[in-house]
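**Q** Residues per chain are reported as follows:
4 protein chains.
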Amino acid sequence: MVNATQDRRIRLGMVGGGQGAFIGAVHRIAARLDDEYELCAGALSSDPERAMASAQEVGLAADRSYGSYEEMVAGESAREGGIEAVAIVTPNHSHYAIAKAFLAAGIHVICDKPMTVTVEEAESLQAAARDAGRILAVTYNYTGYPMVRQAQAMIERGDLGAIRVVQVQYAQDWLSEPIESDGQKQAAWRTDPAKSGAGGCIGDIGTHAYHLACFVTGLELEALCADLSAFVDGRRLDDNAHLLLRFTSGAKGMLWASQVAVGNENNLRLSVYGDKGGLAWRQQQPNELTFTTLGETPRIITRGSPAATDATLSGTRIPAGHPEGYLEAFATIYREVAAAIRTARDGKAVDINALFPTGADGKAGVAFVEAAVRSSAAGCAWVEL
Amino acid sequence: MVNATQDRRIRLGMVGGGQGAFIGAVHRIAARLDDEYELCAGALSSDPERAMASAQEVGLAADRSYGSYEEMVAGESAREGGIEAVAIVTPNHSHYAIAKAFLAAGIHVICDKPMTVTVEEAESLQAAARDAGRILAVTYNYTGYPMVRQAQAMIERGDLGAIRVVQVQYAQDWLSEPIESDGQKQAAWRTDPAKSGAGGCIGDIGTHAYHLACFVTGLELEALCADLSAFVDGRRLDDNAHLLLRFTSGAKGMLWASQVAVGNENNLRLSVYGDKGGLAWRQQQPNELTFTTLGETPRIITRGSPAATDATLSGTRIPAGHPEGYLEAFATIYREVAAAIRTARDGKAVDINALFPTGADGKAGVAFVEAAVRSSAAGCAWVEL
Amino acid sequence: MVNATQDRRIRLGMVGGGQGAFIGAVHRIAARLDDEYELCAGALSSDPERAMASAQEVGLAADRSYGSYEEMVAGESAREGGIEAVAIVTPNHSHYAIAKAFLAAGIHVICDKPMTVTVEEAESLQAAARDAGRILAVTYNYTGYPMVRQAQAMIERGDLGAIRVVQVQYAQDWLSEPIESDGQKQAAWRTDPAKSGAGGCIGDIGTHAYHLACFVTGLELEALCADLSAFVDGRRLDDNAHLLLRFTSGAKGMLWASQVAVGNENNLRLSVYGDKGGLAWRQQQPNELTFTTLGETPRIITRGSPAATDATLSGTRIPAGHPEGYLEAFATIYREVAAAIRTARDGKAVDINALFPTGADGKAGVAFVEAAVRSSAAGCAWVEL
Amino acid sequence: MVNATQDRRIRLGMVGGGQGAFIGAVHRIAARLDDEYELCAGALSSDPERAMASAQEVGLAADRSYGSYEEMVAGESAREGGIEAVAIVTPNHSHYAIAKAFLAAGIHVICDKPMTVTVEEAESLQAAARDAGRILAVTYNYTGYPMVRQAQAMIERGDLGAIRVVQVQYAQDWLSEPIESDGQKQAAWRTDPAKSGAGGCIGDIGTHAYHLACFVTGLELEALCADLSAFVDGRRLDDNAHLLLRFTSGAKGMLWASQVAVGNENNLRLSVYGDKGGLAWRQQQPNELTFTTLGETPRIITRGSPAATDATLSGTRIPAGHPEGYLEAFATIYREVAAAIRTARDGKAVDINALFPTGADGKAGVAFVEAAVRSSAAGCAWVEL
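Chains as they are written, first to last, in this note's numbering: chain X, 1 to 385; chain R, 386 to 770; chain W, 771 to 1155; chain C, 1156 to 1540.
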């Protein structure tokens, strides 16, 4: 929806996300939901025809629909009122070069996860963002949920005491069969090392679980022991990952990610236990957080709870009992990035204490994948991070 | 978010929904979510100062922020590129006059519920829309949920057989205390007969439950027996409603609506039983539908289910397991209205078989409230509709 | 299981409950579970051969297996060490004569529900028990659940404040088809007015729901408005009951009982709302009670909760988290009756403040069924109790 | 409850389980529930006074209440009509000697878990049982739940295809604080290596989880990698266990056991994924099993489901919708042991294909604990079984 006074909105471009790509549409809705962005330009597909058709579909002007990201950087940089930020929603292996190019042109980057394929690339992107004074955000979108924010705030203020145990899982079942052989495009690139990097399931969804656990607990991973499996015949990347975790604080944990767990659509769950309390959250019923203070009766916290923190409430748009979902959580990340971009617009230093995931989170995710792959290859040896 | 090619979007105005009003923001997000509308004009408050401040906040041009709906009708009608549709989100009693004025000016109307205060007004609006060849939509938003569409489609195709029993409830607790006396604005007008009409809880949320039950089952109410109560001292309208229902088909049902049910945030639930099967849905976990064929094992249907109908899938934006919520359901209504408006744009007759709620639904809701109030006043006598 | 010192145990007889009867075995397990009773005698079937075979199966001595309840009364009365109590688990219409005979012989009675077919019979039984100084217990077993006791105790001590609304339902689906025509014995007598009395579903399970609601809230029903239906073709008694309730305190409620609600096995649920709090319980997950204090976060109370009352804990045998079920709740009723019988053994007056359901509850249940049938026959008129 | 014809019942003795011990009462109820046993003798406490008081409380004859298990073996062996079976419910370290003594006397043994402290002891007991031709049963009671039997039967008949992933957890919170220092008796021996053996949490509840996973899947563990922790200061045994599992079939899994997971009472859960389907079960809602065939809609299987197998139904006493719990599952194990004892009574060989857990399961549990302790001590190295 468009309003008349438009300078307020941030001019956004997109690379990838053309017809047939699920995540591009999600990014566009997320950007639109809080009326903070204007989509102005795109290189929506590596296939020029599809790029143009897609651009028309989403309402881009013909002269701002580009055949490649390189043309787009050039075109938008040259233009008065060119884009201020770009959303990168291509397969993993291409994130690095694209992000680098836009940062070099002084354009903020919102990049899908995992941010890059190697830690070196990740560090290089962080440096590029720092040098350019631009924002590098990574869409670990699940941490945008109000109840995840609530959990984070409660742990930060000590409601759970010292954390002892962290259990996290992300279970799906859509890769239970070798659908990559049947030309399913989403499956094809995700199971192809050349496009996904060395991690399959561990990179695609394991990193979400990892980021969620670290975001909520504030803990830092010290070492991991990973057993990665490819259960489907002929699959080239892992479709199931079992990990033991040790955090620097002495806390321990487990992470399970699977794309062959029949009966699970998108079953991301986290539970955290400290010496004073415990909590549990699951993505498929995201509006509730179960919390127990040691020795007290378990409580079901919602956005309407008197226990809801300011952080929780600021990340919400509607009253409690009116469920928010995946798109709203994603939009919250976009909204927070928008606030940071406005700060940059005003010439101020970008807030590095933002809750939205940044290049540091992006790099941590890539390091996590690398460590897991290394551990598993070494017969599930412990690997330090 | 704004894209370059804008003629495609429908030019929308809004009456009501200024600062402090919850539902106005919901309508704006719903309109924006699928990129089908452009908010161009508004009379956002009956208080001129608040109207202007609100307009600025949502990005309206100063010359299209009006001090009253009458000015807005006049201004937009006179203008090249004036609004094509208006969203009316004011208290109930004012819907009628406002809707009438816009329809008369050839502007499509999207009206909050209950549509009017009396059946006569409702019929008058229906006639006005018919005469003007314009759309009159009513935002019974809960029927926009994908799983509600799924339930409707399953019953329509006979999965439940002949319906016998319909149980519906809508329970909240925010009016458990006399907060209208403390200046809570939302509570004040909702408990004031001059603004809400003769129904309190029965009009505010009972009509949602009623519409949901009729939408899903396709049944027509024949008679009802209502026991309306005001449990909070000094409250002038009902805050709890107990109803027995009889449908023309011979099916029977119960409806419970309450705003004093402590522990319920927005607990709208429906269950329907036929001679071949039964189903249940609840708004606070909207992405699941429980369905049982007589003699078989109960199933949990989601958008990802092979049982999901085309209607279900067309009303969804993201894969199963990624929860959609209240705003998406609301947006689906807006999207469907947009499709109808486009048909009208093209000079074609508006589709009266649309799934979105229209004036007929609006009138049915008002007739339901009137009958319930009459029944209760007559000592819970049975009243025919 | 048998221990050596046996005088401690109460000598129990049973009428009905032979092969093929579900509830007889339940009573026997319930009596056995806490080691309070010894089953010594029985007239387990009206069919003499089946009676003898059943007696052998449950381990009765041949000379204490009787062909009729009359013989049993005579035989046990004449005998040194005859039974002290009898469990009556026959179809409804026969309860009265049997109970009367045993009470007249000075034998305590534990009777299945509904206690009798008419209120007159119920009053006559109450008088008989009073005159004989014997216990008359009725197995409204659902009030034996620990969390039901918890709810009762919390309301009694004021945790919910003044009760406003009571919602209760008992939904099953086993009579969705006319299985009584296919010789299903349980269905046959339950749908036969000559054996069940004037109420079908309302008597079989509606009375359980009614007793549960009154037990937990302590409220007294003033009037009801009932719409009873027989949805299955040819069925002679109701299989679905919709009721509005008014209590003497001013509280209001709804009761739904159904045996044609496809997908419901034994879905008994209660929720109660007062001006200070609300609670909800359901039989299919009986070890949890949801409780909300107005303005606070909802809590999940279990037997392990610090909120658990003494009454709750006294009705439980194992630690929290180890689920108790239907048989344990039933056994709690038996255990409490045993305690009362011991009091009587000692020559003391029987405790009339016991939590187990007595003749007064039995009569209330019958009066409830009569009123519902009368209301429905009068076109759902309001009927006072 | 005692019936007249008693030879049918198995004469049972008990060692341990006196006043203050939770599990003794559970065994007694389990034995009593199906009327298969008669408790005749006991050495209920190592403290003679407590032993006598406890014996009186449970109704044992004074001359069959013994001061020690040695006296009991001697007394009962010498006696006409001495016990046929004994339930051993003492702390872990004493199981071996007691079981050995009773087996040597030709008395069947029902032993609590873990069966012994070392694998050598376990093998020795197995040999003793074999030599004596007596039953050695171990009360891994959770596999007595009807829905666990259902899961086992479904996997055995191929409903899940080849198993890929097994996730099992057993979370409690009662040891979140050092209550062993405050004289809590249950905590004291469970955290004392001299009484519990080398495993704390891993032995107390981890073995239940392990047995459940193997029972349901039929898989055999090949190797494990364990990270055992004692989070509570000063605790001498693990209170949290994280394990990676590899099965001989190529399946992989995770096991988490914890007694410091605040908010978990007795949260035992299992989920299993194969190439054709997946299922999930949790002990705190034991009457439901979630099952999904790949590509179909998830189903909720109960005892009333047409999908329920004969094995499921044979393990149940009441209709679906009437919840069974922990005691019923425990009683099922006792009932199956009773059937085996009757076979032995008749002089036939004992059925080694019984579903109840035997010495082999007992030994497997002890080997599992040993392997886990060894792995953890070696820095979480992989250890083969």
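Any given hint could turn out to be false.
As the list claims (entries may be wrong) - Which chain C residues stay away from chain X? Per the calculated CB distances, all over 12 Å, these: (1) Asp1202; (2) Arg1319; (3) Gly1338; (4) Gln1339; (5) Ala1353; (6) Arg1401; (7) Leu1449; (8) Ala1499; (9) Ala1536.
As the list claims (entries may be wrong) - In silico DSBU-like pairs for lysine-lysine, Cα to Cα no more than 30 Å straight-line: (10) Lys965/W - Lys955/W; (11) Lys870/W - Lys580/R; (12) Lys1255/C - Lys276/X; (13) Lys580/R - Lys485/R; (14) Lys661/R - Lys1046/W; (15) Lys1503/C - Lys661/R; (16) Lys1340/C - Lys1431/C; (17) Lys1350/C - Lys1503/C; (18) Lys1503/C - Lys185/X; (19) Lys570/R - Lys661/R; (20) Lys870/W - Lys965/W; (21) Lys661/R - Lys965/W; (22) Lys195/X - Lys1431/C; (23) Lys1046/W - Lys276/X; (24) Lys870/W - Lys570/R; (25) Lys955/W - Lys870/W; (26) Lys1255/C - Lys1431/C; (27) Lys1350/C - Lys276/X.
Calculated from the structure, these hints are not laboratory results.
Ideal Cβ placement from N, Cα and C applies to all residues, glycine included.
**Q** Could you run down the list of hints and mark each one as holding or not?
**A** For each hint, the structure was consulted:
1. Look at Asp1202/C: its CB is around 31 Å from the nearest CB on chain X, clear of 12 Å, so calling it non-interface holds up.
2. Listed as a non-interface residue, Arg1319/C fails to keep its Cβ farther than 12 Å from every Cβ of chain X; the least gap is roughly 5 Å.
3. Taking the minimum C-beta to C-beta distance to chain X, about 18 Å, the non-interface status of Gly1338/C holds against the 12 Å cut.
4. Non-interface status of Gln1339/C relative to chain X is upheld: no Cβ of that chain comes within 12 Å, the nearest being about 14 Å off.
5. Remark: the non-interface label on Ala1353/C is consistent with the geometry, its nearest Cβ contact in chain X lying 19 Å away (cut-off 12 Å).
6. Look at Arg1401/C: its CB is around 8 Å from the nearest CB on chain X, not clear of 12 Å, so calling it non-interface is violated.
7. Remark: the non-interface label on Leu1449/C conflicts with the geometry, its nearest Cβ contact in chain X lying 5 Å away (cut-off 12 Å).
8. The beta carbon of Ala1499/C sits about 42 Å from the closest Cβ of chain X, which is more than 12 Å, so the claim that it is off the interface holds.
9. At roughly 9 Å from the closest C-beta of chain X, the C-beta of Ala1536/C falls inside 12 Å, breaking its exclusion from the interface.
10. Taking the CA atoms of Lys965/W and Lys955/W, the gap is near 12 Å; set against the 30 Å cutoff, the hint holds.
11. For the given pair, Lys870/W sits about 63 Å from Lys580/R by alpha-carbon distance, which is inconsistent with the 30 Å threshold.
12. Between the alpha carbons of Lys1255/C and Lys276/X the distance comes to roughly 44 Å, so the proposed pair goes past 30 Å and is violated.
13. Distance restraint check for Lys580/R and Lys485/R: the Cα-Cα separation of roughly 18 Å lies within the 30 Å cut-off, and the hinted pair is therefore satisfied.
14. Restraint check for Lys661/R and Lys1046/W: not satisfied, since their Cα atoms lie roughly 42 Å apart, outside the 30 Å limit.
15. The hinted pair formed by Lys1503/C and Lys661/R fails the criterion: a straight-line CA distance of about 50 Å is larger than 30 Å.
16. Our distance criterion of 30 Å between C-alpha atoms is broken by Lys1340/C and Lys1431/C, whose separation comes to about 47 Å.
17. At most 30 Å may separate the alpha-carbon atoms for a hinted pair to count; Lys1350/C and Lys1503/C exceed this at roughly 37 Å.
18. Only pairs whose Cα atoms come within 30 Å are accepted, and Lys1503/C paired with Lys185/X is rejected, the gap being roughly 63 Å.
19. For the hint linking Lys570/R to Lys661/R, the alpha-carbon distance of about 47 Å lies beyond 30 Å, and the restraint is violated.
20. Between Lys870/W and Lys965/W the CA atoms are separated by roughly 18 Å; this keeps the pair inside 30 Å, and the hint holds.
21. With a C-alpha separation of about 29 Å, the suggested pair Lys661/R and Lys965/W falls inside the 30 Å cut-off, and the hint holds.
22. Proximity of Lys195/X to Lys1431/C is assessed by CA-CA distance (about 29 Å); at most 30 Å being required, the pair is judged to hold.
23. As the CA atoms of Lys1046/W and Lys276/X are separated by approximately 29 Å, the hinted pair is consistent with the 30 Å bound.
24. Taken as a hint, the Lys870/W and Lys570/R pair is broken in the structure, with Cα atoms around 64 Å apart against an allowance of 30 Å.
25. As the CA atoms of Lys955/W and Lys870/W are separated by approximately 26 Å, the hinted pair is consistent with the 30 Å bound.
26. Of the pairs offered as hints, the one joining Lys1255/C and Lys1431/C is violated, with about 45 Å between alpha carbons and a cut-off of 30 Å exceeded.
27. For the hint linking Lys1350/C to Lys276/X, the alpha-carbon distance of about 29 Å falls within 30 Å, and the restraint holds.
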